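*Asks:* Numbering (this note's numbering), first residue to last: 2 to 305.
Think of the hints as simulated: they come from the structure by calculation, not from any bench. From a predicted model like this one, the values you see are computed outputs, not experimental measurements. Even glycine gets a Cβ: it sits at the ideal position worked out from N, Cα and C. Some hints could be false.
[Claimed, not checked] Straight-line C-alpha distance at most 25 Å; calculated PhoX-like pairs for lysine-lysine: (1) K87 - K5; (2) K49 - K87; (3) K5 - K47; (4) K47 - K87; (5) K49 - K5.
[Stated by the list, open to error] Label pairs and their computed distance ranges (CB to CB): (6) C95 - G235: 31 to 41 Å; (7) M254 - N97: 44 to 54 Å; (8) E184 - K98: 33 to 43 Å; (9) D166 - F25: 32 to 42 Å; (10) E69 - L96: 14 to 24 Å.
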Amino acid sequence: AGIKRPITLIRTPMLSQVDAVVQFCETSYNTQADVIAALSGAARRKGKVHGIILMVEMGDGRDGIMPEDLNGMVGQVMDMPGVVLKGIGANFACLNKAAPKAADMSALSDLATDIEGAYGPFLRTVSGGNSANLPWALSDHATGRINDLRLGEALLLGVDPVSGDHIAGTYQDAFTLVAEVIETDRKSAPPIVCLTNPTLSRLRLLPEINDTTRLILALGRQDTDISGLTMPLGHTLIGATSDHLVLGTTRPMSCVGSEKRFQMNYSALMHAMAAPDVAVEMREDRPFSIRPTRPDPVKHLALV
2 AGIKRPITLI
12 RTPMLSQVDA
22 VVQFCETSYN
32 TQADVIAALS
42 GAARRKGKVH
52 GIILMVEMGD
62 GRDGIMPEDL
72 NGMVGQVMDM
82 PGVVLKGIGA
92 NFACLNKAAP
102 KAADMSALSD
112 LATDIEGAYG
122 PFLRTVSGGN
132 SANLPWALSD
142 HATGRINDLR
152 LGEALLLGVD
162 PVSGDHIAGT
172 YQDAFTLVAE
182 VIETDRKSAP
192 PIVCLTNPTL
202 SRLRLLPEIN
212 DTTRLILALG
222 RQDTDISGLT
232 MPLGHTLIGA
242 TSDHLVLGTT
252 RPMSCVGSEK
262 RFQMNYSALM
272 HAMAAPDVAV
282 EMREDRPFSI
292 RPTRPDPVKH
302 LALV
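Produce the entire structure from the sequences given, and follow the hints as far as they go.
*Replies:* In structure tokens:
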């Protein structure tokens, strides 16, 4: 893609992709000794040194090395040629949705200091989590050793993932999902059908909208998280299948070939960006100037 800056893989690499990880990424986040050993071999074959950041389990319940096992893993990494330990990191508010606390950040800082005391090398990166940590990072208290956040939702959608609040100074409409109308007509509610399997009756969608204009769009569950879409003004979601989205509307009838636009939450955006049939276009992508402001009290914090 022509990106010249260093790239970091923030998920533990798959064993089947270690050669590609070493080729395209300067650093990767890791939890498994076998994977790091494979990265070591791939780096040596390519004549490179690959950076390793160890993820620590700090209560989210997703990925990470247990804190009591961290020192042993550090020792193993330092004995492997072709890789270098660059730091540690942790994750919060992803699996259990619990907002991180200052005590969690302090504990992660202490782990970094303990590793340096036991093994000697300075850890360049102490990654304190994701967008859920931004309110903590921008608060008045000290950030300790934390000097890195892995931001997605906060930057892309301007939303705090824990509270759902909008973040001051950010935009919530940077992304728009556009779908084309492929059918439009007035239809009554579908008749009740006798189903051979009684359990299926509980799964049928029974819309409250009767005898209204219905639009069918070329968009479905294979393309995005339908529940994460904000309906256009005057439109109501009736249902969706794998590749059809059905809307009811009180607006003047749209013509076939017209477009409907949706705002997305993070889940819907993630699915749409990864869907092979959803084209991604950059529009009005131009730099803008920012007025100089007073020095940021946490300007040392790298937001990546």
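*Asks:* Within 31 to 41 Å or not, the Cβ separation of C95 and G235?
*Replies:* Hint holds: Cβ distance 35 Å, inside 31 to 41 Å.
*Asks:* Hint check: K49 vs K87, CA-CA at most 25 Å. Holds or violated?
*Replies:* Between K49 and K87 the Cα gap is close to 15 Å, so the pair holds against 25 Å.
*Asks:* Does K5 sit within 25 Å of K49, going by the straight-line distance between their CA atoms?
*Replies:* holds (17 Å)
*Asks:* Do the alpha carbons of K47 and K87 lie within 25 Å of each other, as the hint requires?
*Replies:* holds (20 Å)
*Asks:* Per the hint of 32 to 42 Å, is the separation of the Cβ atoms of D166 and F25 within bounds?
*Replies:* holds (36 Å)
*Asks:* Given the hint that K87 pairs with K5, does the C-alpha gap stay at or below 25 Å?
*Replies:* holds (20 Å)
*Asks:* That 44 to 54 Å hint for M254 and N97 (C-beta), does it hold up?
*Replies:* holds (47 Å)
*Asks:* Between the beta carbons of E69 and L96, is the distance compatible with 14 to 24 Å?
*Replies:* This hint holds: roughly 20 Å between Cβ atoms.
*Asks:* Return holds or violated for the Cβ distance of E184 and K98 against the range 33 to 43 Å.
*Replies:* Cβ of E184 to Cβ of K98: about 39 Å, so the range 33 to 43 Å holds.
*Asks:* Within 25 Å, alpha carbon to alpha carbon, are K5 and K47?
*Replies:* holds (19 Å)
No hint from the list above goes unmet by this structure.
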